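Undergrad: All chains, full assembly: derive it from the sequences and hints.
Sequence order for the protein chains is L and W. The numbering used here applies: residue 62 is where the first sequence begins, and numbers increase by one. The numbering used here applies: residue 279 is where the second sequence begins, and numbers increase by one.
If you're looking for bench data, these hints aren't it; they were derived computationally from the structure. Don't take every hint at face value.
[Unchecked claim] Derived DEER-like restraints, expressed as beta-carbon distance ranges: (1) S364(W) to K130(L): 40 to 48 Å; (2) I680(W) to D95(L): 44 to 52 Å; (3) S218(L) to N488(W): 36 to 44 Å; (4) F299(W) to K130(L): 52 to 60 Å; (5) T654(W) to A212(L): 33 to 41 Å; (6) A196(L) to I674(W): 46 to 54 Å; (7) N89(L) to A457(W): 33 to 41 Å; (8) L90(L) to R317(W): 28 to 36 Å; (9) E99(L) to D399(W): 57 to 65 Å.
Predicted model only: the values in this text are computed from it and were never measured. Idealized CB from N, CA, C, for every residue including glycine.
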Amino acid sequence: MKTLVLGLGNSILTDDAAGLRVVDELKNLPLNPDITIERTEAGGINLLEYLEGYDRTIIVDSVQLPKGKPGQIYRLQPEDLPATRYTGLTHGIDFPTILELGKMFGMKMPAEIWIFAIQAQDVLTIGEKCTPAVAEAIMLCTREIVCLLNAGSGLESCKSG
Amino acid sequence: MKKITIDPVTRLEGHGKIEIFLNDSGEVANSYFQVPELRGFEKFAEGRPAEEMPQITQRICGVCPEAHHMASSKTLDALFHTEPPSAAKKLRELLYSSFFVTDHATHFYILAGPDFVMGPDAPVAERNILGVIKKVGLELGGAVIKTRMRNHHIIQMLGGRAVHPVFGLPGGVSKGLNADEQKEVQEIARDSLEFAKLSMKVFEDIVLANKAYVDLILSDTFTHKTYYMGLVDEKNRVNFYDGKVRVVDPEGKEYVKFAPADYLKHVAEHVEPWSYIKFPFLKNVGWKGFVDGKDSGILRAAPLARLNAADGMATPLAQEYYQKFYATLGGKPVHHTLATHWARLIEMLYAAERLVELSGDPEITSTDIRKIPTATPDEGVGIVEAPRGTLIHHYITDSRGIIQKANLIVATVFNSAAINMSVKKAAMGLIKPGKEITEGLLNRIEMAWRAYDPCFACATHSISGRSFLEVIIRDSQGNVIKKL
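TA: Structure below.
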């Protein structure tokens, strides 16, 4: 199964880099050759260009949910993200819209999508180091993704808590 | 007092919001445009080698990294007292023109498009890029996506990657174009020009041919008489990459024209207790509050301002539309904020024409693309036009080139006072006692700031988990009485 693991974030905005750090860890590990590891600091519609041509995609990003604990890992699928089609900013185009756009243009969009989101503590301070809870979650998240990649499917058995 | 909040939280941490306060009789009392602050940039920059700045500063923003990269590269030229060879300047401008085509296309079709193609009152579920494509057709929609991708390819060809290029160096660029690459760029340039021409036609057919939209653009609700600022070349024509900063007054007369290094003589920043964002104004006119007119130092940047601040465009087709723009909208300067969308498309046409010119330039394949600096670095200022307006970088280093102080004034900051005024005026014009505050009405208010294409130091890309737009109306006790 042709798989893409795509890390998102901003490399100099403290915890916003969490997704990038996870794929940086993955790059150092021996993985199946049909697995592609990518990182990008782009957002919004720019992601469309990355997603084409894979059977399965795992996206890793940071998130700030209202009641989340820093370092908490969320495992989501696109249907868990409400389709919010309001476009307020240049990058204000959401993930379900990107997938729908790709399909409209006949691009091969991945049939299976997993989103690993790490609850960030600080995304407003310029800095290259994640906060401790997030740094720990990066290692746990990396391990879970390796487990998921090896297991093929069956996320439940890979959860680290 | 009631409070209405327009909170465009594209991500949950929130990135700028508009709060509108109503008085007891339901009229707009005031409004505030607020942006959260990214902390610690200066501290982060201090102590680093200046050459790292084009890589660091472009990470501030995930939307227009190329603008920071280019402003930073030019600042390094000034800092190290070196002048890039002619071919290097052309290559920089070529990459930058490519970037302008993609960025302006994105704004028109994805952000502004839904308001005009679907209509400001269309249901939210349809007022988006998918709705636009369903209406304008897959072919044009596909052209938008393809133009973006192919121009990203040009940026990747020169900068090594499509996002966050590694390209500008003090005194030049890291890579040139060979003959094969030139051919490919020329082809993309020609197609981009066709796309830009088609986009002008789309605008004319959908917006200009619709009297309701033209009336909306010309309405007083979306009008402010301010100073305008933009980079111009030696003939006072719009230039995105280089030149002097020209400011015209609300009557369109040149107020001042200055070299980048002199910006502090002309621009000061006003601080308000309720905002992290500062409000730049013309120092020698003075801060008179959030009011327009000749006595108020508030100035505007971005496409409409650039057209107003210049005497014309440097390419033939864009110049033709420039003349048509002013002939249609009643002469220079144009004060109607929503006309910015038309101005943006004229600029996209200019960028595409410039791309054709530069990619066909015999010098573009030259290998003389770097002049190694030899002078001792001290201080440098670099200015470019970002798609959203004038962007200033200013670095001070020690004699080893280590940053001691870095100051940036970004485009959205230049427009912050004007955005604040525009939102207030739109809210006052549209919210009336007894009139239901609908989603469509709030969208019209939002159109007042969307025209500026504001970018809230938008560096983060965390996944969005809820509505991009949150509107909360509160009563005088702060209780939520309505949520849209």
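Undergrad: None of the hints should be skipped; say for each whether it holds.
TA: Status of the hints after comparison with the structure:
Remark: the range hint 40 to 48 Å for S364(W) to K130(L) is contradicted by a beta-carbon distance near 57 Å. Between I680(W) and D95(L) the beta carbons are some 46 Å apart, a value that agrees with the proposed interval 44 to 52 Å. One distance hint, 36 to 44 Å for the beta-carbon pair S218(L) and N488(W), is violated here, with the actual separation near 58 Å. At about 35 Å, the beta-carbon gap between F299(W) and K130(L) misses the expected band of 52 to 60 Å.
With their beta carbons about 59 Å apart, T654(W) and A212(L) fall outside the hinted range of 33 to 41 Å. For the pair A196(L) and I674(W), the beta carbons lie near 34 Å from each other, so the given range of 46 to 54 Å is not met. The supplied range of 33 to 41 Å is met by N89(L) and A457(W), whose beta-carbon atoms lie about 39 Å from each other. L90(L) and R317(W) have their C-beta atoms about 34 Å apart, which keeps the hinted 28 to 36 Å range intact.
Distance hint for E99(L) and D399(W): a CB-CB separation of about 40 Å, inconsistent with the stated range 57 to 65 Å.
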